[in-house]
Amino acid sequence: MTTAINETHDPSLKSWLASANADASDFPVQNLPYASFRRKGTQESFRPGVAIGDQILDLAALAAQKPFEGLAAEALAACATDSLNALMALGQPHWSALRLALSRALREGAALRATVEPLLVAQADAEYTTPARIGDYTDFYISVHHATAVGKQFRPDNPLLPNYKWVPIGYHGRASSIGVDQKFPRPVGQTRPANEGEAPQFGPCARLDYELELGIFVGTGNAQGERIDLADADAHVFGLCILNDWSARDIQAWEYQPLGPFLSKNFASTISPWIVTMEALEPFRTQWNRGAGEPQPMPYLASDANRAKGAYDVQMEVLMTTEQSRAAGTPPAKLSSSNFRDAYWNIAQLITHHTVNGCNLQPGDMLGTGTLSGPRPSEAGSLLELSNGGKSPFDLPWGEKRTFLQDGDQIIIRAECVKAGYPRIGFGECSGVVLPARV
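Be aware that the sequence shown starts at 1, since it is given in the working numbering, and climbs by one per residue.
Keep in mind that the hints were calculated from the coordinates and are not lab data. Treat the numbers as computed from the prediction; the structure is a model and nothing was measured. Everything hinted at is true.
Simulated restraints, written as ranges between beta carbons of each label pair:
#	residue 1	residue 2	range
1	Q224	A111	44 to 50 Å
2	T286	Q43	41 to 47 Å
3	N289	I5	17 to 23 Å
4	Q43	Q257	45 to 51 Å
Within a straight-line C-alpha distance of at most 27 Å, the following computed BS3-like cross-link-like pairs (lysine-lysine) qualify:
#	residue 1	residue 2
5	K334	K183
6	K152	K401
7	K419	K309
8	K14	K419
9	K183	K40
10	K334	K391
11	K165	K309
Glycine residues also receive a C-beta, built at the ideal position from the N, C-alpha and C atoms.
The whole structure should be built from the sequences, with the hints applied where relevant.
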C-alpha cells in the first residue's frame, strides 16, 4: 500500500491555531511532522509529539485521553512511549489513520479542540532527542554531481568509478553518535604523513566539513532473508529528516583505504528533530529520470511507476554562523542550496537495493542520502566542493574567510517543499556547532 492525495492534503484547510496558518510557518495543518520532545529544564520523559504552527501536540498526553477509534486509536496508543519506533512498526494504514484523525482534530471547527488545546507545548519551551531509537544507519552516495565534483579533485580524467552509475554506493555508519542540535568537539585522529615514508601525524582534524543530506527513516521492516521489491518499497518508509553527516576530510584521506571511512565519520551526525512523513510529501513527488545517454537501472531497480514519481522536490539550503558573527548579531550567511530531485538514485531504489540479498531493515533504522549537491557550483553540498579541496578560500559577509570549519562555527541546514497553490511544508532546521578538540 502506498499513500495517495487525500483530504489531509487539501490546500484550503486552516487550523484553529493561528500560527499554523502563517505563510512562513514550517508546520501548517497539511504537514504534521513527528518528533520526540520534553519541556526544557525538566526531567520529564521524552515522548512523541506532532508539530502544528509554533506548538507541539503532546501525543503521549493525548493518548491518555483516548479520543480516537479504530486504527487511529491503535496508532495513538503506540505514541505513549519515549520514541516513534512503535508507531513506525505499525505500518502505512495506521500512519494514515492517525494523520487523518490529527488533521481533523487540528482544523478550524474541530470538535476535539477543547480536548487538544490544553495539550499543546510551545516549541520555544521544548528540547528534543532523536525521534526514534536508531538501530542501524546506512549512508549512501546518491548525488552524481557531488561524486563527480569530488572525483575530479583526485581523478580529473576519470572522476566516477565504473560502478557508480550501476549500483547505489553505501556503507554502514555509526548510529550511536547520531543526535539532535549537537555541539561536539573537533575530532582527532591520524592524518597522512607530511613526507612519504614518514610516520603519520596525530592531532585535531584540520579539514572539518559538513555534508548536506536527508535522512530516510524506515517504518515497517522486513524479515531476514526476504527482499523488499521496488513496487513495495514506498510502504516501508516512514518519513524524512535533515541530516548533516560531518566529515573529517584529512583523517578520511589517510584511513579510508581499503575499507572506507571510520574515525572520520563516527564522531557526530546531526539530524533535525522533526520527521516529515511520506504522506505529507505526497504532493511533492515528481518524475525521476536519468539523463540522455545515461545507463538505465538494472531491472530490480526500475519500473514505470518509479520513473513516473520516484523523486521528491525538496529544496535545501546551508547557512553558517561563526563566533564573530554571533557576537555581532549578524544573520547567518547562506553557503549553498540544492534540491533532492537531482539525486541519481531515489528512496525506493535504496530500500530495494539494501534488502536485495535479504538484509533485514527494522523500524527506526535510518538511511542517509549522502551529500546532495546540484549541477551548479552554487549547489555544492560540502566545503570540500565550495573551497575546491581547500585551495580556494571563500568570503563570509562579515569579513572572515573559510575553506573548512573552524572552532565555534555553526552549520544550519533547512529544507522545504514549495508548490504553487499549496501550503509550504517545512522540515524545521538541523543545527550543529564545532567545539575545540579535546587533546
